[in-house]
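Trainee: One letter stands for each residue in the lines below.
2 protein chains.
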Amino acid sequence: MRIGIDAMGGDFAPAQPVKGALEAKSLLGKDDQIVLIGDEPAIRQHLDSQAGWPSFIRIAQADQVVGMNEKPVEAHRAKPRNSILRMAEMAAAGEIDACISAGNTGACVAACQMRLRRLSGVSRPGIAIVIPTLHGPVVLCDVGANVDCRPQHLYQYGVMAAEYSRGICHIADPRVGLLSIGEEDAKGNELVKETRELLRGDKSVNFVGNVEGRDIFRGLADVVVCEGFVGNVCLKLVEGFAENVFQSLFAQMGKVQGEAAGQLQAAVGKLREKFDFNEYGGAPLLGVNGVCIICHGASQHRAIFNAVRVATGFCRTGINDRIKARFADSQDARDE
Amino acid sequence: MRIGIDAMGGDFAPAQPVKGALEAKSLLGKDDQIVLIGDEPAIRQHLDSQAGWPSFIRIAQADQVVGMNEKPVEAHRAKPRNSILRMAEMAAAGEIDACISAGNTGACVAACQMRLRRLSGVSRPGIAIVIPTLHGPVVLCDVGANVDCRPQHLYQYGVMAAEYSRGICHIADPRVGLLSIGEEDAKGNELVKETRELLRGDKSVNFVGNVEGRDIFRGLADVVVCEGFVGNVCLKLVEGFAENVFQSLFAQMGKVQGEAAGQLQAAVGKLREKFDFNEYGGAPLLGVNGVCIICHGASQHRAIFNAVRVATGFCRTGINDRIKARFADSQDARDE
Chain A
1425 MRIGIDAMGG
1435 DFAPAQPVKG
1445 ALEAKSLLGK
1455 DDQIVLIGDE
1465 PAIRQHLDSQ
1475 AGWPSFIRIA
1485 QADQVVGMNE
1495 KPVEAHRAKP
1505 RNSILRMAEM
1515 AAAGEIDACI
1525 SAGNTGACVA
1535 ACQMRLRRLS
1545 GVSRPGIAIV
1555 IPTLHGPVVL
1565 CDVGANVDCR
1575 PQHLYQYGVM
1585 AAEYSRGICH
1595 IADPRVGLLS
1605 IGEEDAKGNE
1615 LVKETRELLR
1625 GDKSVNFVGN
1635 VEGRDIFRGL
1645 ADVVVCEGFV
1655 GNVCLKLVEG
1665 FAENVFQSLF
1675 AQMGKVQGEA
1685 AGQLQAAVGK
1695 LREKFDFNEY
1705 GGAPLLGVNG
1715 VCIICHGASQ
1725 HRAIFNAVRV
1735 ATGFCRTGIN
1745 DRIKARFADS
1755 QDARDE
Chain B
1425 MRIGIDAMGG
1435 DFAPAQPVKG
1445 ALEAKSLLGK
1455 DDQIVLIGDE
1465 PAIRQHLDSQ
1475 AGWPSFIRIA
1485 QADQVVGMNE
1495 KPVEAHRAKP
1505 RNSILRMAEM
1515 AAAGEIDACI
1525 SAGNTGACVA
1535 ACQMRLRRLS
1545 GVSRPGIAIV
1555 IPTLHGPVVL
1565 CDVGANVDCR
1575 PQHLYQYGVM
1585 AAEYSRGICH
1595 IADPRVGLLS
1605 IGEEDAKGNE
1615 LVKETRELLR
1625 GDKSVNFVGN
1635 VEGRDIFRGL
1645 ADVVVCEGFV
1655 GNVCLKLVEG
1665 FAENVFQSLF
1675 AQMGKVQGEA
1685 AGQLQAAVGK
1695 LREKFDFNEY
1705 GGAPLLGVNG
1715 VCIICHGASQ
1725 HRAIFNAVRV
1735 ATGFCRTGIN
1745 DRIKARFADS
1755 QDARDE
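Chains A and B, in that order, give the protein sequences. Just so we're aligned: the first sequence equals residues 1425 to 1760 in the working numbering. Just so we're aligned: the second sequence equals residues 1425 to 1760 in the working numbering.
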């Protein structure tokens, strides 16, 4: 297996992607490789400083970098030799088996769609994230690959995210819920109402009906389907809220004295780790004909390490083959 | 001032609404009254048990109750003498100055729209909640009065919620943000892009552009505008996440021993209080020609007490007059 990592992507590139790549050795088989894509001299600086350059690391040169706030399509046009596009091209040519980037999400989605194309039968790819909860991991899809979707797209997110839940979260028959604003059929917007009929009509989906925002954390579904605008808002809302809660907790902790302070620090630290995106391991772009793992822009080495874990798991469990098989007979699925 | 409270609304009615009403005495002037609306014998039970029935409490009989999961319009048709509808009718007749309910939200919105009508110039009412953050209160509107909105509706939410922020949160010139999935103009869905132009075009709105989910907690805006489906998902998501975090914290706390345990309990308890919806005080339905405060279905007496605080503040600061004045000259606003 050859895992490509965009060494230039994210707020702390190339230092953190390189560090994460080096740590990922423990996840690889003896013939597996990691290919760092980006500016070779800049990457080498971080490799050389780490006392020896291990043989499982290769570098593929890319001269240009897409900025975090550049518009995706324009960026690829203006910088055709950027690291993200180069990575997608290598994947399309079979030179790597997976792509990982903490860079510009839109640019990553666009590059993979353009170069890898979609899996046969898939109308639109969707980004799936795993949310850790007290009741186990919940896969939320889509968190921002597309906005202004149609019911068919949401239905496909449900099918694809369920395969991801099986392969990565090891849930045999994932319960699929549809994010809405009330459990009853009558609630929700038009998009939700139409999507519900599609999900309900597919007997191979373990559809549990509408779920509300709070139900994500209540163990009522293993997969939650939503439109990318809503999903992206949710993702960032939880991130902001967690930040706020932990800041408040640390402020409270400042007032605790003596022996208690140490114990408290340990307890809160443990909890914070649980909700830290660096531990999630990146989010796959489901539905492209390849493996593309998108990481948070503020990823540290730990996030890159975990993204390699997700990428290798994705390859090994053959999630894409299962998604293809699911849509192979479905006429609906080919309806663009 | 006469504050109407739906004594039959919510999971813990009539006990908790009655208890909250009794506690609210401290918020009232000497001629102010609270009118409990609902089944008189049931209400009396809870009043009598509290050693004496204070003179600031009156009861208005309503024979029927709308269930939490009934469909609003159908419920009002089937149960024309329900407590929510009776309350809205009393407000329309000038017998009470404000309505408070922890009952079926949809039924409350429908009753107030039908009986109180909208303020002149308002296309659709919106529910505004105050989210407590480390950087101060943020007003989010709409959290579920309407779905499938048009840009004009969102624009009006911004104007109305800013008046609410001025009146209730005492912010002189509230910064209004539009909830989206990136700061850049190009990001967001069609609804957001069109709404942005309307907000930007109104020089009397202190519009700060797009904000993301996490920005709600980062002090970047005092008012955040969104469509009701998205807002309701957000509201419940934060609720569910907070529940999860506090459960985890309490689980961690079980492992802490000795003197530390007490200090930790106090610190976490304080934090939990901060994010407890019972302390928010209910959410106004902005844009109706009256004062309507909607409480969480699981409201305890403390939430009803705080809703009375919000209702009296709403009346005293003349928020509705200010909203009317804002839309008086605007041709756009009358565009249904």
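Calculated directly from the structure, the hints in this document are not laboratory data. None of the values given here were measured: they were computed from a predicted structure. The beta carbon of each residue, even a glycine, is placed where N, CA and C say it ideally should be. Among these hints, one or two may not hold up.
Computed list of lysine to any residue pairs in SDA-like fashion (alpha-carbon distance at most 20 Å, straight line) [what the hints assert, rightly or not]:
(1) B/Lys1611 <-> A/Leu1695
(2) B/Lys1698 <-> A/Gly1664
(3) B/Lys1449 <-> B/Ile1481
(4) A/Lys1495 <-> B/Gly1721
(5) A/Lys1694 <-> B/Gly1721
(6) A/Lys1611 <-> B/Ala1675
(7) A/Lys1698 <-> B/Lys1449
(8) B/Lys1748 <-> B/Ser1544
(9) B/Lys1611 <-> A/Val1497
(10) B/Lys1698 <-> A/Phe1674
(11) B/Lys1611 <-> A/Arg1696
(12) A/Lys1694 <-> B/Phe1670
(13) A/Lys1611 <-> B/Gly1721
(14) A/Lys1694 <-> B/Asn1613
(15) B/Lys1698 <-> A/Ala1675
(16) B/Lys1698 <-> A/Leu1695
(17) B/Lys1694 <-> A/Phe1674
(18) B/Lys1698 <-> A/Arg1696
(19) A/Lys1698 <-> B/Gly1721
(20) B/Lys1617 <-> A/Pro1496
(21) A/Lys1694 <-> B/Val1571
So the derived list for chain A, only partly shown, Cβ under 8 Å to chain B, looks like this [to be verified]:
(22) Thr1557
(23) Leu1558
(24) Glu1667
(25) Gln1671
(26) Ser1672
(27) Phe1674
(28) Leu1688
Trainee: Each hint should be assessed against the structure and marked as holding or not.
Mentor: Against the structure, the hints come out as follows:
1. B/Lys1611 <-> A/Leu1695: violated (33 Å)
2. B/Lys1698 <-> A/Gly1664: Between B/Lys1698 and A/Gly1664 the Cα gap is close to 16 Å, so the pair holds against 20 Å.
3. B/Lys1449 <-> B/Ile1481: holds (9 Å)
4. A/Lys1495 <-> B/Gly1721: violated (44 Å)
5. A/Lys1694 <-> B/Gly1721: violated (33 Å)
6. A/Lys1611 <-> B/Ala1675: violated (35 Å)
7. A/Lys1698 <-> B/Lys1449: It is violated: about 44 Å lies between the C-alpha atoms, which goes past 20 Å.
8. B/Lys1748 <-> B/Ser1544: holds (6 Å)
9. B/Lys1611 <-> A/Val1497: Roughly 13 Å separates the two Cα atoms, so the pair holds.
10. B/Lys1698 <-> A/Phe1674: Given pair B/Lys1698, A/Phe1674 holds - Cα atoms ~14 Å apart, limit 20 Å.
11. B/Lys1611 <-> A/Arg1696: violated (30 Å)
12. A/Lys1694 <-> B/Phe1670: Cα-Cα ~13 Å, so holds.
13. A/Lys1611 <-> B/Gly1721: Distance ~17 Å between A/Lys1611 and B/Gly1721 Cα, so the pair holds.
14. A/Lys1694 <-> B/Asn1613: Violated, because 37 Å separates the two Cα atoms, which is more than 20 Å.
15. B/Lys1698 <-> A/Ala1675: This hinted pair holds, its Cα atoms lying about 13 Å apart.
16. B/Lys1698 <-> A/Leu1695: It holds: about 19 Å lies between the C-alpha atoms, which stays within 20 Å.
17. B/Lys1694 <-> A/Phe1674: The hint holds at about 13 Å.
18. B/Lys1698 <-> A/Arg1696: Status holds; Cα separation ~19 Å.
19. A/Lys1698 <-> B/Gly1721: violated (30 Å)
20. B/Lys1617 <-> A/Pro1496: holds (18 Å)
21. A/Lys1694 <-> B/Val1571: violated (39 Å)
22. Thr1557: Holds, about 6 Å.
23. Leu1558: holds (5 Å)
24. Glu1667: Nearest chain B Cβ about 6 Å off; hint holds.
25. Gln1671: It holds, given that the least Cβ distance between A/Gln1671 and chain B is near 6 Å, below 8 Å.
26. Ser1672: holds (5 Å)
27. Phe1674: violated (10 Å)
28. Leu1688: Result: holds, 5 Å to nearest chain B Cβ.
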